[in-house]
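For chain A, the structure is supplied; the task is to place chains B and C on it using the hints.
Protein chains in written order, with our numbering: chain A, 1 to 124; chain B, 1 to 291; chain C, 1 to 210.
Since the hints were made in silico from the structure, they are not lab data. Among the hints, a few may not be true.
As the list claims (entries may be wrong) - Pairs of lysine to aspartate or glutamate, EDC-like flavour, derived with a Cα cap of 20 Å:
| hint | chain 1 | residue 1 | chain 2 | residue 2 |
| --- | --- | --- | --- | --- |
| 1 | B | Lys181 | A | Asp45 |
| 2 | B | Lys72 | C | Glu18 |
| 3 | B | Lys271 | A | Asp10 |
| 4 | A | Lys72 | B | Glu219 |
| 5 | A | Lys19 | B | Glu219 |
| 6 | C | Lys206 | B | Asp66 |
| 7 | A | Lys54 | B | Asp215 |
| 8 | B | Lys260 | A | Asp10 |
| 9 | C | Lys65 | B | Glu219 |
| 10 | B | Lys225 | A | Asp45 |
To be verified - Residues of chain B placed beyond 12 Å of chain C at every Cβ, according to the derived structure:
| hint | residue |
| --- | --- |
| 11 | Gly39 |
| 12 | Phe80 |
| 13 | Glu244 |
Here a beta-carbon is modelled for each residue, glycine too, at the ideal position from N, C-alpha and C.
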Amino acid sequence: MKIIISNSSDEPIYEQISKQIKGMILKGELKEGDLLPSIRGLARDLQISVITTKRAYDELEKEGFIETVQGKGSFVAAQNKELMKEKKLKIIEEKLVEVVEESKLLGLSYEEIEEMLKILFEEV
Amino acid sequence: MDYILEVKDLRKEFKNFTIDDISFKLEPGYIMGFIGPNGAGKSTTIKLIMNLLKKDGGEIKIFGKDHVKYEKEIKDRIGFVYDENYYYEDLTINQMKSIVAPFYSRWDNNQFNYYIKEFDLNPRVKIKTLSKGMKMKFSLAIALSHHADLIIMDEPTSGLDPVFRREILDILYNIIQDDTKSIFFSTHITTDLEKIADYITFINEGKVVFSKSKDEILESYAIVKGGTDLLDENTRKQFIGLRETKVGFEGLTDNLNNIKSTFGNKVLIEKASLEDIMVYSVRGKEYVRDY
Amino acid sequence: MLGIIRRDLMLVWHNKRERFFIIFYIPFLLLILESYEPSWLYLTILVAYTYLLSIIPFSYDIKGKSQYIINSLPITRKEIVFYKYLSTFVYLAVIIVYAGVYLWIINRMGIKTVDYFDLEMIKESIPIIMILTSIVYPAYFSFEPKIAQIIHVIVFVTFFIGIASLGSLGDKSIVSNMEFLSGRGMIYAPIAMYIISLFLSMRLYKNRDL
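So here's chain A without its partners, still in its complex pose (with noise of 0.2 Å):
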């Protein structure tokens, strides 16, 4: 399992941790029922606050992408395949809004976009 945390980044560390988490559930690296490092365990290995670890756990829990044991732990939750794959639609649509804003500002047309979508898609 991996976390890195970037301290320079804009991006509040808990969400890092949650989106790192989510993805890795998402494309299945973590399974149902797989058991997360514990939240103190976790704020020691990344040296951050506990309340830290615990935000990112309980945004994970709100969404559904695991639960949490009283005195056991916090577990991958049975995910929905079509759930699953609508999560993922999400975040990539909200990455595509982003690129329709920028590229009205910018004056770029549908087409060079798609252009550039295909030459990423071979390339990365």
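Frame of chain A, contents of chains B and C only:
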């Protein structure tokens, strides 16, 4: 118990200095950093908590009990580390330990020996031969060897090198894996706390400036940088502290929205560190025209 | 708790200067007080040693604020005071043994004839010790260590001068001189003084800023 340490409206008057309205709370399982410039009242507050100084007003509860009325049973569960080494210099580590250990009901000699070994201390040497860092490690070894539930430290890392300070952080992280224990840690070296602290209480000139979770603090403050042409009577007021030079200004704000609407994107906005917050809050508006 | 007493003994013993002093003070006293009676010498040694043994640990507070450590341990101010007052008698017992052995050796070596155990003198020493300490203890518990030290020096010097002049009354045995002290009634005053001093110290120390 809701709070492991509860200070309410604490007051103490000295001839030239008063601390007043000091209030903060710490729950079990968390670390609170107590920051402030030298002379702000940090050591005084800790001495009042430990009943080394007598308070003039207010209430202090530890483990839910009054800190004077239940002094003995409370202190049995407190591990303390002070900045000056007040131990008897002519005694050896072992001798000092043999004096202190019997006072504690849950003294754990194995744990003590473990820490002495971890810290690379020779138990047979006299305390006066130890360097400042080693004395502090010794204090810590004692504080951690009687299953204390609350660790109180008064500037334990001042004068110590960064390598060593990181080691201390590791030890603190390990303590806090147990969610029934808490740590209260005063320092003016804010970088130590930037990582580990859950809550920060900032004291200045005898008063609490704020007492909040560290995340909340770092999220609500920001450093704003821009050209001096942007400043005037009104805009200056939006900053808690401001530093103007010939080539621009740098200021601290706790109201990012205001700043954004005032200056738009003519300014650069950066994260404020605890040190920035402390320095600008203390210097305030005097920190102006610093050429 | 015996921790306080153990601490005091360790402090006295483990400091080179104090240890030197403990070992050589007896011969020193024997030397300068040559012409005095054996029983009087014994009394002086008992009182001087017990008194000094009790006071020395206080001096450590002048150099480093070790009071901060002791007061941060699970012990109340009242207890600290109480055990201090109790410790006086523990030290007396220690000195009786120590001086006893020391002086016995001196006797055997033929250096000087001196009492090494005298129950009467032990009984006489108790009220004197109590009087001295009941004045000095409260001073240490309520004043700055430096000021308390001045009081201690005054008290000790006064005692010495007093006992010296009593002893130098020549042929009159010190015992007869002290007879006025051994009357039943006279033991009560020092005890009362000691107890009042105890409560006074507790009161003063309880509210003191360290």
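Hint check:
no., hint, result
1, B/Lys181 x A/Asp45, "19 Å, holds"
2, B/Lys72 x C/Glu18, "32 Å, violated"
3, B/Lys271 x A/Asp10, "8 Å, holds"
4, A/Lys72 x B/Glu219, "31 Å, violated"
5, A/Lys19 x B/Glu219, "18 Å, holds"
6, C/Lys206 x B/Asp66, "16 Å, holds"
7, A/Lys54 x B/Asp215, "12 Å, holds"
8, B/Lys260 x A/Asp10, "16 Å, holds"
9, C/Lys65 x B/Glu219, "41 Å, violated"
10, B/Lys225 x A/Asp45, "34 Å, violated"
11, Gly39, "17 Å, holds"
12, Phe80, "5 Å, violated"
13, Glu244, "43 Å, holds"
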